[in-house]
Amino acid sequence: MPLPREENADLAFGRHSLRVFSEPRFKRLALKQAPEERRAHWLVFHEGRQITVPKQNSMGYGLVQLMRDPARKGNLLALRKDDLSNFFGAVRIFTVSPAGEETPLGHSFLTRDPGRQTAVLSTVGLVPFALRRISSRNLRINELKKKMLDTSSRLNQLAEARTSPEKRERMRDILMSSNSEANREWFELEQSLRFDPIHPRLPPGLRAYSYRGKGLGDLLIAVQEELARSSGSKAIEGAFAKETTGRFLPKHGWTVINEKPSTVHCRKEFSQ
110 MPLPREENAD LAFGRHSLRV FSEPRFKRLA LKQAPEERRA HWLVFHEGRQ
160 ITVPKQNSMG YGLVQLMRDP ARKGNLLALR KDDLSNFFGA VRIFTVSPAG
210 EETPLGHSFL TRDPGRQTAV LSTVGLVPFA LRRISSRNLR INELKKKMLD
260 TSSRLNQLAE ARTSPEKRER MRDILMSSNS EANREWFELE QSLRFDPIHP
310 RLPPGLRAYS YRGKGLGDLL IAVQEELARS SGSKAIEGAF AKETTGRFLP
360 KHGWTVINEK PSTVHCRKEF SQ
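Count along the sequence shown from 1, add 109, and you get the number used in the working numbering.
Keep in mind that the hints were calculated from the coordinates and are not lab data. Check the hints yourself; a few may be wrong.
Simulated restraints on C-beta separations [said to hold, decoys possible]:
no.	residue 1	residue 2	range
1	M168	E132	23 to 29 Å
2	N195	S287	48 to 54 Å
3	D222	F357	22 to 28 Å
4	K360	S287	42 to 48 Å
5	S126	E210	24 to 30 Å
6	F154	S261	49 to 55 Å
7	T220	K254	34 to 40 Å
8	H361	M285	47 to 53 Å
9	R124	G169	14 to 20 Å
10	R279	R356	47 to 53 Å
11	R128	M168	23 to 29 Å
12	E210	G322	20 to 26 Å
Dumping the calculated DSBU-like pairs for lysine-lysine here, alpha-carbon to alpha-carbon at most 35 Å [to be verified]:
no.	residue 1	residue 2
13	K323	K360
14	K254	K276
15	K323	K377
16	K323	K276
17	K182	K254
Ideal Cβ positions, reconstructed from N, Cα and C, are used throughout, including at glycine.
Whole structure, please, built from the sequences with the hints as guidance.
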């Protein structure tokens with residue numbers, strides 16, 4: 110069913126279906142069995158398990174679509190929007206575990222330029238990995254913080270210790286090296302799991318599911334394109350990182366109108 114053009118259109122899952130999900134490139138994400146609607150949630154029977162997905166999650170985002178997770182067989186993907194009565198705003202993708210825990214994978218934000226009847230896609234971001242254990246990242250960061258605090262304490266003790274300058278300098282080098290390694294791992298852990306990293310790399314010792322090359326960025330943009338078109342906008346445009354989102358937009362009908370060393374400004378006209 111096509112989206113209505115009224116300003117108060119209800120985009121809630123089960124009431125309207127975005128046409129983009131019927132396209133061949135996204136059909137592979139379709140659920141095998143239709144979810145059952147309850148008052149405040151949807152009940153999904155997926156891969157032999159029953160998963161409860163709230164219509165509105167803890168962040169206040171309403172449910173727009175449920176799909177299969179392409180990276181983790183037993184999980185679902187939940188496409189959510191901040192305001193189901195508005196074509197503009199934030200759209201996010203979450204992976205939903207069998208226990209109902211949601212982890213954000215991607216986000217995008219659409220605004221309006223009323224003077225030109227143009228929609229502006231101001232943000233598109235994805236995480237390349239999702240840890241197999243949601244708490245693993247925070248636990249490891251806490252371990253690294255503790256290690257660096259301990260090193261700092263030992264450096265202070267070393268400065269006050271009654272020992273030879275040579276031994277003190279040798280011990281200081283060892284402690285500083287350990288602190289530097291912990292700080293580097295902390296930085297890499299934060300960078301590798303943030304939205305839209307240009308050079309993602311998972312730090313060693315952590316097990317994760319990879320979402321690179323799974324088409325989720327393509328999905329976010331396609332959804333925002335349809336919302337922009339349904340709002341009555343004549344075109345959609347935005348500036349994107351050349352090495353990530355900006356690299357594949359021309360393959361989907363976008364035209365590069367301005368190019369800088371690290372970003373490209375792209376635009377797509379909607380046929381009337």
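### Task
Could you check the structure against the hints above and give me the numbers of any it violates, in ascending order?
16
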